Each structure stands twice: as structure tokens, then as C-alpha cells.
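> Sequence:
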Amino acid sequence: HEEARRSSSAVTLLASSALAACALALVATCSRPADAKPVQANAPKKAQAAAAAQRVPEETLLRIIEAEDERRWDATDLGKLLTDASAAVRRRAALAAGRIGDEGAVAPLASMLRGDRDERVRETAAFALGEIEAESGADSLLETLRLSKSPEVRARVAEALGKIAAALPDARQDSKKRIGAAINDALVAEGRQPRPNRALVLLGLTAMLRAKPEGGAHTIAVFLNSPDARVREDAANSPARPRAKETGRAS
18 HEEARRSSSA
28 VTLLASSALA
38 ACALALVATC
48 SRPADAKPVQ
58 ANAPKKAQAA
68 AAAQRVPEET
78 LLRIIEAEDE
88 RRWDATDLGK
98 LLTDASAAVR
108 RRAALAAGRI
118 GDEGAVAPLA
128 SMLRGDRDER
138 VRETAAFALG
148 EIEAESGADS
158 LLETLRLSKS
168 PEVRARVAEA
178 LGKIAAALPD
188 ARQDSKKRIG
198 AAINDALVAE
208 GRQPRPNRAL
218 VLLGLTAMLR
228 AKPEGGAHTI
238 AVFLNSPDAR
248 VREDAANSPA
258 RPRAKETGRA
268 S
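Going by the working numbering, the sequence shown opens with residue 18, and the numbers climb by one from there.
Rather than coming from a laboratory, the hints here were simulated on the basis of the structure. Remember, predicted model here, so these are calculated numbers, not experimental data. Note that beta-carbon positions come from the ideal geometry of N, C-alpha and C, so glycine has one too. Hints should not be assumed to be uniformly reliable.
DMTMM-like mimics (lysine to aspartate or glutamate), calculated; alpha carbons at most 20 Å apart, straight line [to be verified]:
| id | residue 1 | residue 2 |
| --- | --- | --- |
| 1 | Lys229 | Asp156 |
| 2 | Lys229 | Asp245 |
| 3 | Lys229 | Asp187 |
Derived CB-CB ranges, DEER-like [as the list claims (entries may be wrong)]:
| id | residue 1 | residue 2 | range |
| --- | --- | --- | --- |
| 4 | Asn254 | Lys166 | 44 to 50 Å |
| 5 | Ala198 | Leu79 | 40 to 46 Å |
| 6 | Leu241 | Thr93 | 48 to 54 Å |
| 7 | Arg195 | Gly118 | 20 to 26 Å |
Produce the complete structure using the sequences and hints provided.
Written out as C-alpha cells, the structure is:
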């Protein structure tokens with residue numbers, strides 16, 4: 018019976034690890050440039066060493082997965098890993114904190130979003146704050162949306178703010194309007210760029226759908242003429258897009 022239990026536990030951990038790897042890949046994929054070149058098989062030793070640095074040690078990974086599967090947030094355990102020397106560990110711990118969904122993780126994730134030296138870690142911190150959906154995470158996200166120079170980080174911030182806005186109760190409409198306006202302003206600004214960041218536009222459109230800001234329909238309408246087919250499709254499929262009478266066109 019003990020052997021069977023261990024075998025079952027191992028299978029569960031492997032499955033959880035695979036799912037988490039897919040989630041991290043999803044966070045990275047949306048912000049990866051379309052023309053990024055694949056790593057060559059004969060990559061130099063420095064590149065191989067860098068790749069190794071992005072791997073989470075097995076013992077640490079199992080520790081994270083167990084906390085995640087048990088939905089157990091502990092500032093003295095998983096919380097400590099958010100400040101680990103390894104960016105790969107910090108990133109994986111942030112993803113787990115988001116999936117656990119405990120509001121106790123908001124403060125350390127907000128600190129990570131504001132100050133971590135690794136851009137991909139900051140992206141994951143923003144994603145995790147969105148997964149928790151706590152209003153207490155909104156201020157750090159709004160600050161980052163305003164100040165960050167990274168379109169990829171801002172894309173994940175917009176996505177997270179959309180999730181938080183959608184989760185707010187009716188009694189918090191003022192906060193929802195504030196968040197919605199920030200998302201709208203960010204999308205407007207990005208649309209004016211010569212080459213808008215695709216991730217920020219796509220995740221921004223989704224965030225607009227969730228936050229439903231005032232004036233959002235006209236912002237979305239700008240992207241109906243995008244040269245990117247996916248952007249046009251998302252804008253056209255948005256329930257918030259303007260109808261003919263709103264844009265002055267005949268029905």
C-alpha cells in the first residue's frame with residue numbers, strides 16, 4: 018500500500034509539474050517576439066549555462082508543487098522562494114502563489130513586480146496578482162502600468178487588472194471605473210505607437226472586455242483596422258465594440 022501511495026504521489030507531482038510548465042510557457046509565449054530565433058542545437062557553453070540557470074532544482078520544484086496542490090500559502094516557505102537568488106525559482110514560486118490564490122501573497126508579489134531585476138519574473142508576478150483577483154493588488158499594478166517601460170510587463174499588468182476589475186462587487190464600482198480607465202488609457206497609448214506591441218494589444222482588448230470601461234467601445238474600434246488579423250478578430254468579437262449608430266455609420 019505504501020509503494021502504491023508513493024507511486025500515485027509521484028504521478029500527481031509529475032502531472033502538476035507538466036501543467037505548471039505549460040502555464041509558464043503561456044506567460045512567456047504571448048510576450049515573445051514573433052521573429053525570435055530558436056536556440057540552436059550547438060549553442061555555445063555560455064548559452065547552455067544560461068539555460069541551466071533557468072531550471073528549478075528538483076527538490077525545490079517538488080516543494081513548490083506540494084504547496085500549490087495543497088493550496089497552501091506560507092510566507093515562511095513559498096514566500097521565501099519569491100526572493101530566491103534564482104530567477105527560475107522566483108518565477109515558479111510566483112506562479113504557484115497566484116494559483117493558490119491567497120491574498121497574503123499580494124504584498125510580496127507586489128514587491129516583486131515593482132523591483133525584481135528579471136523582466137520575466139515581473140511578468141509572472143503581474144500574472145499571479147491577476148490570478149488572485151484581490152483589489153489590494155490593484156495599486157501596484159496601476160503604478161507599473163503607468164511607469165514600466167516594458168511592453169511585455171505592461172501587457173501582463175493590463176491582463177491582471179482586467180481580472181481584478183471583473184471580480185469586484187457592485188459596491189466597488191468606483192474602483193472598477195478607475196481600473197477600467199487605466200486599461201483604456203494604456204490601450205489608447207499603445208494604439209498610437211508606430212508598431213503597437215501585439216501582446217499588450219491582445220491582452221489589453223481582453224482586459225477591456227472584463228473591465229468594461231466608459232468609452233471602451235471607441236478605443237476597441239481603432240483596432241478593427243489593425244494589419245494583424247488576430248487583433249482585428251478580437252476587436253470585432255468584443256461585445257464592447259461600437260455599433261453603427263455609435264460611430265455615425267448608417268445601419
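> Which numbered hints turn out to be false for this structure?
Numbers 2, 4 - these are the hints that the structure violates, sorted from lowest upward.
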